[in-house]
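Protein chains in written order, with numbering that gives the first Met the number 0: chain A, 0 to 275; chain B, 0 to 324.
Worth flagging that the hints you see were computed from the coordinates, not collected in a lab. A portion of the hints provided could be inaccurate.
What the hints assert, rightly or not - Which stretches of chain B does chain A cover? Using the computed rule of at least three CB atoms under 8 Å from a CB of chain A, they are: (1) 29-37; (2) 159-172; (3) 262-270; (4) 274-282; (5) 295-304.
Claimed, not checked - Below are the SDA-like pairs computed for lysine to any residue, each with C-alpha atoms no more than 20 Å apart in a straight line: (6) A:K134 to B:T281; (7) A:K134 to B:P42; (8) A:K134 to B:S41.
Said to hold, decoys possible - Cβ-to-Cβ under 8 Å is the rule here; a few derived chain A residues that face chain B: (9) R108; (10) D111; (11) F116; (12) L212; (13) G213; (14) R229; (15) I246; (16) T250; (17) N254.
Yeah, the Cβ is synthetic: ideal placement off N, Cα and C, and Gly gets one too.
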Amino acid sequence: MNQTTRVKRRMFLYLAIFIVLCLFSLFSGSLAPHDAELVDLLAAKQPPGGAYLMGTDWLGRCIWSRILSGAYSSIFASLIIVGLSMLIGCTIGLVSGYAGGIVDEVIMRIVDIFLAFPGIVLSIAVAGMLGPGLKNGILALAATSWTQYARLIRSYVLSIRQENFVKAAILNGQSSISILLRHVLPNAIRPVVVTGTLHLSSAMLSISGLSFLGLSSSTAEWGSMLSEGRSLMQQCPWVVLYPALAIFLVTILFNLLGDSVRDVLDPKGKTKSINN
Amino acid sequence: MSASNSGRIRHPVVRYVLRRLLSLLPVLLGVTLLTYGLMYLSPQDPVEMMLQGQGTAPDPDVVAAMRSQLGLDRPFLVQYFNWLWNFVRGNMGTSYIDGASVAGKLLTALPNTLKLTATSVVVTVLLSVPLGILTAVKQGKLIDFIIRFLSFVGNSLPNFIVSLLLLYFFALKLGWFPILSTGSWVSLVLPTLALAIPMTGKYIRQVRAAVLEQLGKVYVDGAVSRGLKSRVVLFYYVLHNAMITIVTLMSMSIGSLLGGTAAVEMIFSLPGMGYMVTSAVTSRDYPTIQAFVVWMSVIYIVVNLLTDISYYYVDPRLSVGMGVE
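All chains should be built: construct the whole structure from the sequences, respecting the hints.
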């Protein structure tokens, strides 16, 4: 009893920090003391301190301002990746599991094909097709991770479909969509939420990884800041240090949140995390 | 041996492999179709790309002539099967950018990536298995807490940040290792660690969970009550039963390294597959991307197959699931 209260309390704490961070990143760009894109060669390579809290890069752009305005793309990109793959995966998984028969067979073979691509390779292929860009990077990562949700929810739908309340709803003459949304989905949502929160941190790492590779660049994204700054690492390590720290801290928060949500909703720890 | 005389194939594993290989054919077809389709759907016109790569402005007549010469004006499926047929025979086309043979590019890049993948997997297993066992045995003790904390930190660090940290301290500040990869084994140390540390962080927890699960089983109590040394129980019985997890971890880490080495290769200027495909994506060099994606998937499929076969040897109980008697 005491244990569960503590676990729950911890989850709400991380959830609160997470929500505050998301809200903060919505308008953090406007809190920046300097223009994030303002090139000022006279102020280039300033060490942290003084007018520039975290120093400046080789173009004299304020790193603190760039981190603040990059928070939006870095954090929301991961949220969108998780949301998008959840939406696609759940829809397909629900349809596949509920329809059964040939539809299920075809959908599952397609899922098999997607799963035959290793980790980041399919994302690279999709990014290669769409070209570099943050939006394309998000699409590329969502295109690879929806399969996990589809398989997960399908397996729940298969067992829930056998339950009497679903049979009753069918006899009652309810439409398939209403049965899926009212009876099946609410019973299968728990593992999906757990998978989703565990997915957040890997989505964060993947999108910053793609940006680092220059496949998902945006103006001030943490991954691309690192990538641009790495050649200057010896002269001015702060150019690399602060974006790296930002990625690290947010990933830690996402990991803590994911673990605590799993502890509360799935105490036996059955849900697997998504690696991409 | 063909599948038709499978009645005469005695060895169950051989039969299992044959059946798996057969079921892989549609998957391979799907993988190649999806890969080719993605590039086909891309908004960029390959002919214009090639002409721009050669430095000429695309002239409509030249473009049309080249399109028919390359067969790009034919139906999608015809193009796909032509490409597939050439691909199977080892002709993966030429790069849009430098006109070099894609097969040649792959052959020079692949060994570097394979070397890095192999060393990273070995180091990951050598680190995560002993540490995972240690944390399981010392559950609740200080050492358990410390290792789990470090593994949590490692799990939150992407490999490109680890690369930069290692590069900064061990190459730039201390000068122990070269900054650029020269192909020598010494220059592989930092890239290997950069890949192995985050993976170790992830896998320690899983080894720990697997060992803890085994430690709770009745056979452990039985072995202990028979007076077996705890060392024997741990390293003979428990480790044997936790092998499935370890084999799975190895194949998972290979999966995440195929393509996942790109950032590390870029940082250490290691001319491997990831390095090659990253520049191919930025310059929209589709034949190179296609070849990369297909080959990586083929390697991945083979690794998964080998993993499944090795389960049979690691834990014969699982052969039931293989349909092997």
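Hint-by-hint comparison with the structure:
no.: 1; hint: 29-37; result: holds (count 5)
no.: 2; hint: 159-172; result: holds (count 7)
no.: 3; hint: 262-270; result: holds (count 3)
no.: 4; hint: 274-282; result: holds (count 5)
no.: 5; hint: 295-304; result: holds (count 5)
no.: 6; hint: A:K134 to B:T281; result: holds, 15 Å
no.: 7; hint: A:K134 to B:P42; result: holds, 15 Å
no.: 8; hint: A:K134 to B:S41; result: holds, 15 Å
no.: 9; hint: R108; result: holds, 7 Å
no.: 10; hint: D111; result: holds, 6 Å
no.: 11; hint: F116; result: holds, 5 Å
no.: 12; hint: L212; result: holds, 5 Å
no.: 13; hint: G213; result: holds, 6 Å
no.: 14; hint: R229; result: holds, 6 Å
no.: 15; hint: I246; result: holds, 7 Å
no.: 16; hint: T250; result: holds, 4 Å
no.: 17; hint: N254; result: holds, 5 Å
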